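Taken in order, these protein sequences are the chains called Y and B.
First residue of the first sequence: 23, per the numbering used here; consecutive thereafter.
First residue of the second sequence: 697, per the numbering used here; consecutive thereafter.
Think of the hints as simulated: they come from the structure by calculation, not from any bench.
Here the structure is a predicted model, which means the values were calculated and not measured.
Keep in mind that a hint or two might mislead.
[What the hints assert, rightly or not] To spell it out: a stretch of chain Y is covered by chain B in this simulated footprint if at least three of its residues, at any positions, have a beta carbon under 8 angstroms from a beta carbon of chain B; those stretches are:
1. 28-40
2. 43-54
3. 63-69
4. 82-91
5. 104-115
[Unchecked claim] Straight-line alpha carbon distances no greater than 20 angstroms define the calculated SDA-like cross-link-like pairs of lysine to any residue that follow:
6. B:788 / Y:110
7. Y:107 / Y:41
8. Y:76 / B:836
9. Y:76 / B:835
10. Y:107 / B:774
11. B:864 / Y:100
12. B:864 / B:773
13. B:866 / Y:41
14. B:864 / Y:97
15. B:864 / Y:110
16. Y:109 / Y:121
17. B:788 / Y:109
Just so it is clear, CB atoms sit at the ideal spot from N, CA and C, and this is done for glycine as well.
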Amino acid sequence: MVPVNYYIVLSAILFTIGVVGVLTRRNALIIFMSIELMLNAANLAFVAFSSVIKSFSGQIFVFFVIAVAAAEVAVGLALIVEIFKSKRSIDVDQMSSLKG
Amino acid sequence: MNLDLIFFLILSIISVSTALGMLLSRNAIYSALFLVLNFVTVAVFYLLLGAPFIAMAQITVYAGAIMVLFLFVIMLLGAEELPQAEVLPWQKPLARGLAIVLAIEATFIFLTRARPIGDVAQPDASINTVTNLRALGETLFTQYLLPFEVTSILLLVAMIGAIVLVRKEKRVH
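Bound conformation, chain Y alone (with noise of 0.2 angstroms):
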């Protein structure tokens, strides 16, 4: 038997490298993989728990936030393809034309 505190530090140190990631790095693809990853951490908490207390609601929000991911997914890449057309750079230090 795995003890669900095991599940839980493995999934502080994927957020921690999501968190990583997105502190880091200046390409704005990875810094969106990096979120992905850290939603994949909570994820796995969620299911973790939801083994232990033998119910179903923390599997049942792991299926929603896969769909949110996957919504958020769509909405970003349009995003970052647009940023790409106009800037010719996915760079994050390169967006700041609000700048004075």
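Given the coordinates of chain Y, assemble chain B onto it according to the supplied hints.
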């Protein structure tokens, strides 16, 4: 040391190293492929936790649909690698330090302050039967019916939004 724990440790090593590979590889395509492997590993975790439906949804939606979309956009834009140019030199070390603090803090709180609420359920033969899936579906369509219906509106809005965003503007004369 039982078999479950050995499985868990091997899978978590694969999972963390693929996540690090996603983070550290310079080429965006390699990052996407590492992330696919990470998603598949998480799907195996779901199987270990007795959630076969979520595991299959993870593989079809995440590793199948979402990552293919990512790879498609990477190849479409031809933006695999960015030139090296640091605008804020102190930003990266600061971010790494803060992330390490976050990891230690989260691990500490989960290990010490959270009540020990027990082990995860052993995945037994019942996860292969239809009763598990039927119970999941019954919960989804009774207790969570409204969120389920709202999800369909969300997906419709996302689809329309994506189409509107990439549509060619009509020239107004």
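Right, here's what the structure says about each hint:
1. 28-40: holds (count 12)
2. 43-54: holds (count 9)
3. 63-69: holds (count 3)
4. 82-91: With 8 residues closer than 8 angstroms to chain B, the region 82-91 of chain Y meets the three-residue bar; holds.
5. 104-115: holds (count 6)
6. B:788 / Y:110: violated (25 angstroms)
7. Y:107 / Y:41: violated (27 angstroms)
8. Y:76 / B:836: holds (15 angstroms)
9. Y:76 / B:835: holds (13 angstroms)
10. Y:107 / B:774: holds (12 angstroms)
11. B:864 / Y:100: holds (12 angstroms)
12. B:864 / B:773: holds (17 angstroms)
13. B:866 / Y:41: Roughly 40 angstroms between the alpha carbons, so the hint for residue 866 of chain B and residue 41 of chain Y is violated.
14. B:864 / Y:97: With Cα atoms ~16 angstroms apart, residue 864 of chain B and residue 97 of chain Y stay inside 20 angstroms; holds.
15. B:864 / Y:110: holds (17 angstroms)
16. Y:109 / Y:121: Roughly 15 angstroms between the alpha carbons, so the hint for residue 109 of chain Y and residue 121 of chain Y holds.
17. B:788 / Y:109: Outside the cut-off at roughly 24 angstroms; violated.
Going through the hint list in order, the structure does not satisfy hints 6, 7, 13 and 17.
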